[in-house]
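Following the hints, complete the assembly by docking chain B onto the known chain A.
The primary structure of each chain is shown beneath.
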Amino acid sequence: MENIIDIPQQKPLTKKDFESDQLVRWCPGCGDYAILSAMTNALPQLNTPRENFVFVSGIGCAARFPYYMNTYGFHTIHGRGPAVATGVKLANPKLSVWEIQGDGDALAIGGNHFIHALRRNIDINIILFNNEIYGLTKGQYSPTSPAGLITKSTPYGSVERPFHAAELAIGAQGTFYARTIDTNPKLMTEIFVHAAKHTGTSLVEVLQNCVIFNDDTHAAVTAKENRDDFQLHVKHGQPLLFGKENKKGIRLNGLKLEVVTLGENGITEKDILVHDAHNEDPTLHVMLARLAPPHFPMVLGVIREVRAKTYNEALAEEQERISQNAKYHSVDDLLKSGETWEIK
Amino acid sequence: MGETALNGNKTTKELEKVVIRFAGDSGDGMQLTGSQFSFTSALWGNDLATFPDFPAEIRAPQGTVEGVSGFQVQIGKIEIYTPGDQADVLVAMNPAALKSNLQFARKGGNIIVDLDAFSERNIEKAGFTANPLTDGTLAGYHVVEAPISSLTKTALAGLQLDNKSIMRSKNMFALGMMYWLFDRPLSETEKYIDAKFRKTPALAEGNKRALTAGFHYAETIEALPAMYNVPPAKIEKGIYRHISGNTATAWGLMAAAEKVGKKLFLGSYPITPASDILHELSRHKNLGVITMQAEDEIAAVCSAIGASYAGQLGVTTSSGPGIALKGEAINLAVMAEIPLVVVDVQRGGPSTGLPTKTEQADINIAIYGRNSESPAVVLAASTPANCFEFAYQAVKIAVEHMTPVILLSDGYLANGSEPWKFPKTADLPAITIREPELDNGTYYPYNRDTETLARGWAVPGTPGFEHRIGGLEKQEKTGNVSYDPKNHEKMVRTRAEKINRVANYIPELEVQGNGDGELLVVGWGGTFGGLRTAVTELQRTNRKIDFAHFNYINPLPKNTKAVLEKYNKILVCELNLGQFASLLRSKFPGINILSYTKIQGQPFLVTELKEVFLENLKD
Numbered sequence: 138m139e140n141i142i143d144i145p146q147q148k149p150l151t152k153k154d155f156e157s158d159q160l161v162r163w164c165p166g167c168g169d170y171a172i173l174s175a176m177t178n179a180l181p182q183l184n185t186p187r188e189n190f191v192f193v194s195g196i197g198c199a200a201r202f203p204y205y206m207n208t209y210g211f212h213t214i215h216g217r218g219p220a221v222a223t224g225v226k227l228a229n230p231k232l233s234v235w236e237i238q239g240d241g242d243a244l245a246i247g248g249n250h251f252i253h254a255l256r257r258n259i260d261i262n263i264i265l266f267n268n269e270i271y272g273l274t275k276g277q278y279s280p281t282s283p284a285g286l287i288t289k290s291t292p293y294g295s296v297e298r299p300f301h302a303a304e305l306a307i308g309a310q311g312t313f314y315a316r317t318i319d320t321n322p323k324l325m326t327e328i329f330v331h332a333a334k335h336t337g338t339s340l341v342e343v344l345q346n347c348v349i350f351n352d353d354t355h356a357a358v359t360a361k362e363n364r365d366d367f368q369l370h371v372k373h374g375q376p377l378l379f380g381k382e383n384k385k386g387i388r389l390n391g392l393k394l395e396v397v398t399l400g401e402n403g404i405t406e407k408d409i410l411v412h413d414a415h416n417e418d419p420t421l422h423v424m425l426a427r428l429a430p431p432h433f434p435m436v437l438g439v440i441r442e443v444r445a446k447t448y449n450e451a452l453a454e455e456q457e458r459i460s461q462n463a464k465y466h467s468v469d470d471l472l473k474s475g476e477t478w479e480i481k
Numbered sequence: 065m066g067e068t069a070l071n072g073n074k075t076t077k078e079l080e081k082v083v084i085r086f087a088g089d090s091g092d093g094m095q096l097t098g099s100q101f102s103f104t105s106a107l108w109g110n111d112l113a114t115f116p117d118f119p120a121e122i123r124a125p126q127g128t129v130e131g132v133s134g135f136q137v138q139i140g141k142i143e144i145y146t147p148g149d150q151a152d153v154l155v156a157m158n159p160a161a162l163k164s165n166l167q168f169a170r171k172g173g174n175i176i177v178d179l180d181a182f183s184e185r186n187i188e189k190a191g192f193t194a195n196p197l198t199d200g201t202l203a204g205y206h207v208v209e210a211p212i213s214s215l216t217k218t219a220l221a222g223l224q225l226d227n228k229s230i231m232r233s234k235n236m237f238a239l240g241m242m243y244w245l246f247d248r249p250l251s252e253t254e255k256y257i258d259a260k261f262r263k264t265p266a267l268a269e270g271n272k273r274a275l276t277a278g279f280h281y282a283e284t285i286e287a288l289p290a291m292y293n294v295p296p297a298k299i300e301k302g303i304y305r306h307i308s309g310n311t312a313t314a315w316g317l318m319a320a321a322e323k324v325g326k327k328l329f330l331g332s333y334p335i336t337p338a339s340d341i342l343h344e345l346s347r348h349k350n351l352g353v354i355t356m357q358a359e360d361e362i363a364a365v366c367s368a369i370g371a372s373y374a375g376q377l378g379v380t381t382s383s384g385p386g387i388a389l390k391g392e393a394i395n396l397a398v399m400a401e402i403p404l405v406v407v408d409v410q411r412g413g414p415s416t417g418l419p420t421k422t423e424q425a426d427i428n429i430a431i432y433g434r435n436s437e438s439p440a441v442v443l444a445a446s447t448p449a450n451c452f453e454f455a456y457q458a459v460k461i462a463v464e465h466m467t468p469v470i471l472l473s474d475g476y477l478a479n480g481s482e483p484w485k486f487p488k489t490a491d492l493p494a495i496t497i498r499e500p501e502l503d504n505g506t507y508y509p510y511n512r513d514t515e516t517l518a519r520g521w522a523v524p525g526t527p528g529f530e531h532r533i534g535g536l537e538k539q540e541k542t543g544n545v546s547y548d549p550k551n552h553e554k555m556v557r558t559r560a561e562k563i564n565r566v567a568n569y570i571p572e573l574e575v576q577g578n579g580d581g582e583l584l585v586v587g588w589g590g591t592f593g594g595l596r597t598a599v600t601e602l603q604r605t606n607r608k609i610d611f612a613h614f615n616y617i618n619p620l621p622k623n624t625k626a627v628l629e630k631y632n633k634i635l636v637c638e639l640n641l642g643q644f645a646s647l648l649r650s651k652f653p654g655i656n657i658l659s660y661t662k663i664q665g666q667p668f669l670v671t672e673l674k675e676v677f678l679e680n681l682k683d
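Top line first, the protein sequences correspond to chains A and B. Numbering (the working numbering) for the first sequence: 138 to 481. Numbering (the working numbering) for the second sequence: 65 to 683.
The hints are simulated quantities; they were obtained by calculation from the structure and are not laboratory data. Quantities reported herein were computed from a predicted structural model and do not represent experimental measurements. All C-beta atoms in this analysis are idealised placements derived from N, C-alpha and C, irrespective of residue type, glycine included. A few of these clues could be false.
Claimed, not checked - A short list of chain A residues far from chain B (calculated; beta carbon distances all over 12 Å):
{"hint": "1", "residue": "ASP158"}
{"hint": "2", "residue": "ILE214"}
{"hint": "3", "residue": "ALA254"}
{"hint": "4", "residue": "GLY276"}
{"hint": "5", "residue": "LEU286"}
{"hint": "6", "residue": "ALA360"}
{"hint": "7", "residue": "LEU378"}
{"hint": "8", "residue": "LYS407"}
{"hint": "9", "residue": "HIS415"}
{"hint": "10", "residue": "ILE459"}
As the list claims (entries may be wrong) - Here are the simulated DSSO-like cross-link-like pairs (lysine-lysine), alpha carbons at most 30 Å apart as the crow flies:
{"hint": "11", "chain 1": "B", "residue 1": "LYS298", "chain 2": "A", "residue 2": "LYS473"}
{"hint": "12", "chain 1": "B", "residue 1": "LYS228", "chain 2": "B", "residue 2": "LYS272"}
{"hint": "13", "chain 1": "B", "residue 1": "LYS485", "chain 2": "A", "residue 2": "LYS464"}
{"hint": "14", "chain 1": "A", "residue 1": "LYS231", "chain 2": "A", "residue 2": "LYS473"}
Looking at chain A on its own, in the form it has when it is part of the complex (with noise of 0.2 Å):
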């Protein structure tokens, strides 16, 4: 006998529910490979219904991405994912929104759109494709490129100082701020899903390889035989430790970090810095997310990640506080309010 009680189980969602019938179409051995995999691997681990999935994103490579998720996908225009995705986000609240966007696309013509979302703190997830270069274009320097570099448009080298993402992130007042590799799918997934689970703007820096304009950009921290000296992973509450057997470590010294081993020179755990993903102030995530080969490694993992009101929480607020104080409920009653007279 049918007992009405039991509410039929939703097939939990797979990978496979999260891959559109679309070719892909990126430069075979492209990092973004490894992201879109990541991510369709990640989704089914939220609990959400896939029609909750929105996925937008403004110019570029990384910007296709939304046309591989068998999600709702909005392909928009240069620069501009984050507004929209901010659109999307308040017209519909319950909506997951990710917004996928390449260093050029949101640093360079979307840099205001970027901090501005980061700013209000709109509960939306920004993955940042950061390689370097600009690729659907082929080939000219980004706004991350390193001074130096040798580009279609700066072919003696580029004069420019370089953006540092976390460090723009933080300044506009991210509440979220984690760095993953293309080459570590395993770190990638799980800290896309703890940017979903985040509430506010949540921004994950992928270091992302180009393998046709910028080969190897990241090879410093992502090559196998680097990997050890000079990947720090870092957890909330966790000492700030790394090397093949965990015997160096980052130590705060006066106001500046530095690299220290473990039974050197009287080193013991206890000098290690913990990481404190929760503070509010920014100082420390900011020196970590600065950390860079050759003297120091690059951190990887969620390096800030605070709790402050989202915009759409504050909207939502604002409205059920003026409504319940509304002396009109209506467009008709709003028409009729104020000064009105009648001709008879």
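Leaving out everything else, chain B in the frame of chain A:
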């Protein structure tokens, strides 16, 4: 001018219509004075139209010409369509106000000045080389030199008010004088004062005393020769309110959102003269309105597109410079076929141009100002009150035809106001959403309605309708990215045809007149009031002149050609270098279309138009 009657020792003159202009320093409260006079006159039963004329600077130095703020109102016993060409009565609160407003006073009209403000220093500050009251500047005007400041001071003596507060009441003294002059009761303004200064009774008392003192002063002095009587107009029965163009636009958008059961989402960036729409909508969040003051014009339109994509009603409001920035995003909405309303409150240009002055020069950018073949619907409101109707229409067309709609307003409509017999929302036309449908279990985002060619509106959160859209060309039906040459041509033609077919859903062009005129005057948008008045006045003298006014710019009404080809002579009047005339010539070659234009940041004057029309009727 009508009959003359005795009123005590003074006479009363009946007038068909009269124009009054209040001018003073930005801080003198001229906008308030003008709107109080207008409200009292509306209650009296006059038809009227108003226009504020304020400087771009917020508070230019006191006493300078740059700091003068003006308010003009025309009241009548006949239908009034404009605030009037020239003032029959000019109230000038200081020399600078006189200096900058004398050009708007009718020769032979009345000028009332605050004599106390004509100190040597103020005269010099205003840029006069000699005292205009005595050097013959005002020859030919009837000047009333009233010591408004000192009489206000006397009237308020004994109240616990500082000098500044006393001086700020002098606008009420001037208003009181006008109430006597036009035989209006003080009661409505007294009620207003009581409400406004509820918490400061001394200020309420002071303002009311100044008002009454002004009234009695006007009655007493010999200088005012007559009272004027402007009898009530024959106005359609019903309940009325005042409305400005920007408020009407905001409310029209809200009414449409309520009708269609969507939240209104406004993404906007402050810009003159459109900001008041943002301000107005920001007040009504209790009705489900969401407003976002974006980081720039581009984010404003993009957030609105995002909101529409997600199933609410995305709107962005701006003026010319902002519209220029929004072009790429509007094109995204054209390509993605998403409902979007873009309000362009036109101002003088190019570039920053004349931010507070009116112009009609954005018709080209609205129709053509985007890359490639980019068809969008363009509407133009033509009175402050019908901004409501066309904002509503803009939403209706955007939703029913899945397209961006650009609504053109202008600085003149935005800030001008008029009495409005407002509708009940139940009587507004229905707005039907085109719900998406599955085709054998699959959703094709670019499946189209066979009549309108509009696609369905499938919104995120709806299971089974997951799909991807964007700015790349898409395959017909599936919406997948396609670079196929034939498909591209088909899609370009389909998008254009979709907009052309909107003509099947809009009203036909109407002609005001007998239909047998020797001249057809054509206008569009905010010039309606001036054109209509000028044509009507000539028709009353049996001139063979007809008038057709366009609110639908793209597509044009279906009968446009049939209307135009009946006339041997057509004169298109507009505040630009002839953009609409060019449009008509390109659409209807062979029809003789002449153009009359003006680009001064000011509306047409009725007298100016009548001269032009008579000239054109001659040959």
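Unmet hints by their number, sorted upward, for this structure: Structure breaks hints 1, 2, 3, 10, 14.
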